[in-house]
Amino acid sequence: MRILVVDDYSTMRRIIRNLLNQLGYADVDEAEDGSVALQKMRSSNYNLVISDWNMEPMTGYELLKEVRADDKLKTTPFILVTAESKTENVVAARKAGVDNYIVKPFNAATLQQKINAVIPGQA
Amino acid sequence: MTNAAFVASDDYYDEIEAAILETPRGRWFLREYARRNQGADTDRVLKALHDLRHSVVSGTGMSHVEILRRELQEMSHSIVQTRQEIAAIKPADHPGNSRIMVATEELDAIVTATERATSDILTAAERLQLLADDLTTTGADQRLCDEVANLATHILMACSFQDITGQRTTKVVNVLRYLEQRVNAMIEIWGVEGVKQRLFPDGDKRPDAHLISGPPREGEGILQDDVDRLMSGDATEPEAPAAQAIPLKRPEPEAAPVMETESAGDIDQSEIDRLFA
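Read top to bottom, the protein sequences are chains E and D.
Sequential numbering from 1 applies to the first sequence in our numbering.
Sequential numbering from 1 applies to the second sequence in our numbering.
Mixed in with the good hints there might be a few duds.
As the list claims (entries may be wrong) - Simulated restraints, written as ranges between beta carbons of each label pair: (1) D:E147 / E:S10: 58 to 68 Å; (2) E:K40 / D:T169: 22 to 32 Å; (3) D:D120 / E:E56: 22 to 32 Å; (4) D:D268 / E:S10: 24 to 34 Å; (5) D:S76 / E:E32: 53 to 63 Å.
Please keep in mind that the hints were generated in silico from the structure rather than gathered at the bench.
Here a beta-carbon is modelled for each residue, glycine too, at the ideal position from N, C-alpha and C.
Bound conformation, chain E alone:
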């Protein structure tokens, strides 16, 4: 299973990659914003995207909408991991087609639980 972690903070990418490795997901790639992630997704296949929201120039929310509008990518499972924890954020993300939503800070158990909910039987 190949996972793309998208976050503008290298620290967070490193933490999520480490957690994923501990959870048994060894094939993890990284992107520092939505536009880089979109390029990577169009040139390579990923089974799951775990993305931050607040990034520049392209946010995770914009990435999500781009992915859902792309015929080749629209079925890719997408989890937002973000400090944006207002109701309107979650509602907007759901409408845009996010599969699950994790509020920062989070722990390994929460991450595993959300991955299982999005891709049952993995890990």
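Given the coordinates of chain E, assemble chain D onto it according to the supplied hints.
Leaving out everything else, chain D in the frame of chain E:
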């Protein structure tokens, strides 16, 4: 003809005037009468003016004039004070060292420093994880190895604070940059260049306040080796560096940027889970 029967009219007036004007004495009487009555009117006007002047001087009456004068004085004082306040925000002698700009740079430095420290902590935690794995393979107590690995994971997760605090700090930095733009606009409008700065009573009054500026920014200050050389007398005291304006990246945050923060209206993970159930 009695007073009761008399009815005044213009005809009577003309008739009497004509009768008086017929003789020199009558004409003299009319001129003198007019002169004396004119003088009486002038005296009344002068007396009224005197009363008016007296009331202004004594503070009674004419309050509108006094209020207007005081308002103008207060406005003038406020304008001077505002110019001084703005000048204090952006000192004329060190244009690159405005208080807002200094605060912004300090916050940028905090973000950089915490990012570096977090990276070091992460490296140590990852090393602990590897050591726990190595110890397991060498036959060490599995329970202890697991505990070390778990604690290393806790350390990793705790490092996510850097993401949150970094975003909060970035939000403050953007607000400061926005304020700086507005202050610069005010400076242009008010033209405070050269205005004498007001002394702030809440300023640092410690005798050595001029020596205290906190940790230096990147590229400022000296290294420990330099300190050692200075302490041992192997180096001479460096000359004071010229004031240097450090250029800042200046994004144009006209509208308040959307930031990741906790605030009223936030919901927790369990509530989000119910939305996705």
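How the hints compare with the structure:
{"no.": "1", "hint": "D:E147 / E:S10: 58 to 68 Å", "in the structure": "violated (28 Å)"}
{"no.": "2", "hint": "E:K40 / D:T169: 22 to 32 Å", "in the structure": "holds (29 Å)"}
{"no.": "3", "hint": "D:D120 / E:E56: 22 to 32 Å", "in the structure": "holds (26 Å)"}
{"no.": "4", "hint": "D:D268 / E:S10: 24 to 34 Å", "in the structure": "holds (27 Å)"}
{"no.": "5", "hint": "D:S76 / E:E32: 53 to 63 Å", "in the structure": "holds (55 Å)"}
Checked against the numbered hints above, the structure violates only hint 1.
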